[in-house]
Each structure stands twice: as structure tokens, then as C-alpha cells.
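Student: Residues per chain are reported as follows:
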Amino acid sequence: MKEIKDLIIIGAGPAGLTAGIYAGRARISTLILEKGVPGGTIILSDRIENYPGFTGSSPFELMETMRKQAESFGAEIRQGEVIGLYKENGIWKVKTEMEEYLARAVIIATGTTHKKLGIPGEEELTGRGVSFCATCDGPFFKGKEVVVIGTGNSGIQEGIFLLKYVSKITFVEFLPYITADKILQEEIREKKNVEFLLEHIVTSINGKERVESVEVKSLKTGEKRILPCSGVFIYAGLQPNTSFLKGIIELDQQGYIKTNQYLETSEKGVFAAGDVRAFAFQQVIVAAGDGATAAHSAIKYIENSKKS
Amino acid sequence: MTEIIELNDDNFEQRINSSELPSVVDFYSNFCSPCKAMEPLFEKAAEIYKGKANFYKLNVDKNTHIPSSKRILGIPTIIIFKEGKEIDRLMGFQNIDSLSDFIRRNL
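Chains as they are written, first to last, in the working numbering: chain D, 9 to 316; chain U, 84 to 190.
Think of the hints as simulated: they come from the structure by calculation, not from any bench. Misleading hints may appear alongside valid ones.
[Stated by the list, open to error] Some, not all, of what chain U presents toward chain D, calculated at C-beta under 8 Å:
1) CYS115
2) ASP144
3) THR147
4) ILE149
5) PRO150
6) SER152
7) ILE158
8) PHE176
[Claimed, not checked] Here are the computed lysine-lysine pairs in the DSS-like style, where the Cα-Cα straight-line distance is at most 30 Å:
9) LYS43/D - LYS119/U
10) LYS145/U - LYS133/U
11) LYS145/U - LYS172/D
12) LYS43/D - LYS127/U
13) LYS254/D - LYS266/D
14) LYS145/U - LYS150/D
15) LYS135/U - LYS150/D
16) LYS43/D - LYS135/U
17) LYS152/D - LYS140/U
18) LYS119/U - LYS199/D
19) LYS133/U - LYS165/U
20) LYS103/D - LYS119/U
21) LYS176/D - LYS153/U
22) LYS124/D - LYS153/U
23) LYS140/U - LYS165/U
24) LYS172/D - LYS153/U
25) LYS168/U - LYS135/U
26) LYS123/D - LYS232/D
27) LYS133/U - LYS150/D
28) LYS133/U - LYS76/D
29) LYS119/U - LYS172/D
30) LYS152/D - LYS168/U
31) LYS95/D - LYS152/D
32) LYS199/D - LYS145/U
33) LYS140/U - LYS76/D
34) LYS123/D - LYS153/U
35) LYS124/D - LYS165/U
36) LYS123/D - LYS119/U
37) LYS216/D - LYS165/U
38) LYS153/U - LYS10/D
39) LYS150/D - LYS168/U
40) LYS168/U - LYS216/D
The C-beta atom is built at its ideal place from N, Cα and C for all residues, glycine as well.
Make the full structure from the sequences, and use the hints.
Tutor: Listed below in C-alpha cells is the structure:
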């Protein structure tokens with residue numbers, strides 16, 4: 009007979025790993041499933057400055073520590089992308105492409121991915137000048153001009169990183185103001201070779217073999233113009249990784265998971281934590297807090313279900 | 084542990100062209116977290132395919148000529164060469180199964 013885990017956590021970002029730490033310490037048999045790199049979206053950033061008590065060199069370092077901590081308390085991490093979640097005879101079945109796992113309770117901590125714009129050229133030129141990871145692809149744009157779409161914390165922070173390499177950045181923002189934290193705004197405004205196109209959108213990315221230009225449109229005047237550039241870095245918001253949950257768990261209109269204050273979802277025994285939760289302030293510290301809360305709720309649920 | 088040799092712009096062509104075994108090269112940088120996460124998996128793959136391929140890495144931050152000549156625009160990128168010619172490439176983070184599968188079908 010197949011082993012039934014007490015808890016399966018889907019996603020090994022800050023929420024999932026923190027839940028793993030708490031569950032491991034409660035001596036709950038715990039499996040964490042991760043489809044890609046343990047650490048979550050934050051490891052694509054080059055720095056983290058607002059996680060209390062951590063002044064280390066990179067988010068990767070922080071998340072590696074969290075991963076080791078979760079494993080040290082007994083949580084097992086396996087690679088696998090979850091494609092289905094079903095309940096049968098009171099037990100949750102978590103299906104990946106290769107395996108099916110069983111658990112009494114599940115915490116969904118699948119996080120988000122950077123939203124695609126759906127504009128011409130974006131898909132075709134991804135990996136050929138269109139990028140969602142400045143720390144991965146920045147070195148290939150030495151001395152080149154690039155466009156960064158979005159002026160939230162990700163856009164500005166990654167822009168600051170890109171200035172190590174590129175000769176100029178044009179930030180394109182559809183709002184009439186920059187949305188990043190003030191401290192990041194101060195830092196970027198001190199930099200040379202930075203231009204802001206506020207109340208503008210990118211309508212297409214152009215190039216044959218690789219990115220050669222973008223077309224930008226003013227939302228005020230409707231005027232369009234071509235902006236030559238070698239790279240386009242897209243930080244235009246996030247979308248939740250919940251496509252496998254449609255029709256199973258109650259989601260909001262954007263696809264985020266609805267929860268109550270105990271981080272219980274619409275299904276008994278399923279909890280949600282971190283960026284994937286509706287109304288979450290999408291920060292590592294919040295995700296970690298969510299992970300602890302969800303684990304606490306899940307542990308109580310598991311203990312009660314074993315008694316009954 | 085199987086040795087993974089660090090290449091640079093100056094010795095890349097010579098090492099790859101003179102290799103009798105297929106060469107598997109990991110293009111990486113120290114800033115790139117997915118690259119760091121892949122490092123132990125690349126080492127594991129080198130262990131699995133020991134004697135069947137040579138494993139190398141090249142830091143794209145310190146070496147610009149070779150990545151540019153290979154038209155690499157994103158990392159991590161893994162390229163397999165045979166007799167100096169590129170056979171196949173993989174872009175982005177891979178788990179050990181997809182990395183191992185990629186190497187196996189190109190040997």
C-alpha cells in the first residue's frame with residue numbers, strides 16, 4: 009500500500025519551506041514538491057534588503073538556508089510539477105506527471121510567475137533579448153540599451169542591477185508614477201542613463217534574430233514611436249500558479265486562492281500560503297509568516313483527523 | 084567527484100575542438116541563482132556520465148567572446164559539442180531528470 013504522508017506542501021519558496029520547518033518540528037511526516045528551483049521567485053532577484061535579521065549577500069543564500077533548515081527537521085523535498093489534486097476516501101491525492109502522492113492535508117504554496125504581456129514579439133523573442141530574469145541575462149547586454157517594463161519593486165531593483173552592464177535603461181510604466189518603494193526610487197534617480205516613460209505601454213517587441221526595438225504608445229496622446237533597444241526585461245506584475253486548481257479550490261477572479269484567517273481554503277484539509285493567497289502582500293516576510301500559520305492550521309487538522 | 088574544468092575565452096576552442104569525447108558546457112554566472120541551483124545537478128550529471136563526456140563550465144560574466152560567438156543570450160545554458168561542433172543546447176533551469184535526459188540523447 010502506498011505511503012500516506014501527513015502533509016504535502018506544494019512549492020518550495022519561502023511559504024512552503026517555512027511550513028516545512030514548522031511541520032518537521034511538529035514531527036509531521038512532510039513532503040515538499042517543487043517544480044523548479046527551490047527558493048521561489050525571490051531567487052531571481054539579486055538582493056533582498058527587507059527580510060528582518062538577514063543582511064546576507066543574496067536571496068539565494070537566504071533561501072538555501074531555509075531549504076537546509078526545512079530538511080534538517082525532516083521535511084523531504086522532491087522535484088515534480090503538480091498537475092492535479094483530488095480527494096478520495098478522506099485522503100488527498102497529489103498528482104505530478106510521474107507520480108501520485110497521498111496526504112492527509114495539503115498546503116498550496118505555489119507562488120506566482122511574472123506576467124506575460126501577450127504582445128507581438130514577446131513569445132518569439134524570449135531568450136533572444138526578451139527576459140524575465142535580469143540576474144540571469146544581464147551580462148549579455150554589456151554596453152547596450154535596454155527597456156524595462158514596469159516600475160514596481162522588481163522592475164526598479166532589477167534595473168539597478170542591469171546598470172552594472174547596460175549603457176541606458178528606458179523604463180516604461182503605464183501608471184503616471186513609479187510604484188517601487190521610496191528607497192528604490194531614490195537609488196534609481198541617482199543613476200545616470202535612465203529615462204522614464206510614464207503613462208506609456210509597449211505595444212510590440214520587434215526584431216528578426218533578436219530584439220532590435222520596441223514600439224511604445226503614449227496613453228495620454230495615443231502617439232506611437234519606435235524605441236531602438238537590444239533587450240526587454242519584463243516586470244509587469246505577477247500571476248498566481250493555480251491553473252491546476254481550477255474547479256477544485258475556490259479562486260478569486262485573478263486566480264488567487266481564497267482563504268480565511270487560518271489560511272483554510274474552500275476544501276477541508278487544503279491550506280494556502282504566500283504569494284498565491286488572495287490579498288497577500290507579496291513579500292518574503294509575509295510568505296514566511298503565512299507558511300507558519302498554514303502549517304499550524306494543518307497540524308491541528310491532521311491531529312484531529314487522526315483522532316476521529 | 085568528477086572534475087568540472089573551468090574554461091575561458093582563451094582556451095575554450097582549443098579544449099572543445101581537441102576533445103575526443105563529447106563536451107558538455109555549463110554557461111553560468113555567479114549572480115544567476117538558477118545557475119547556482121543547477122551547479123550540484125551539473126556535478127551529479129558529470130558523475131553519471133563520467134568517461135562518456137567531458138564536463139566544463141564557463142563564466143559569462145568574465146568571458147564575453149565565446150558566449151557572444153555562440154549567440155547565448157540567457158543563462159543557465161548547457162551546450163553539447165561533438166568534434167568542436169554544437170549538437171544541442173538547453174536553456175533555463177533543468178531538474179536532474181531533464182538534464183540527464185538531454186545529455187543521454189546527445190551522446
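Student: Out of the numbered hints, which ones does the structure contradict?
Tutor: Checked against the structure, the hints that fail are numbers 4, 6, 15, 27, 31, 35 and 38, while the rest are satisfied.
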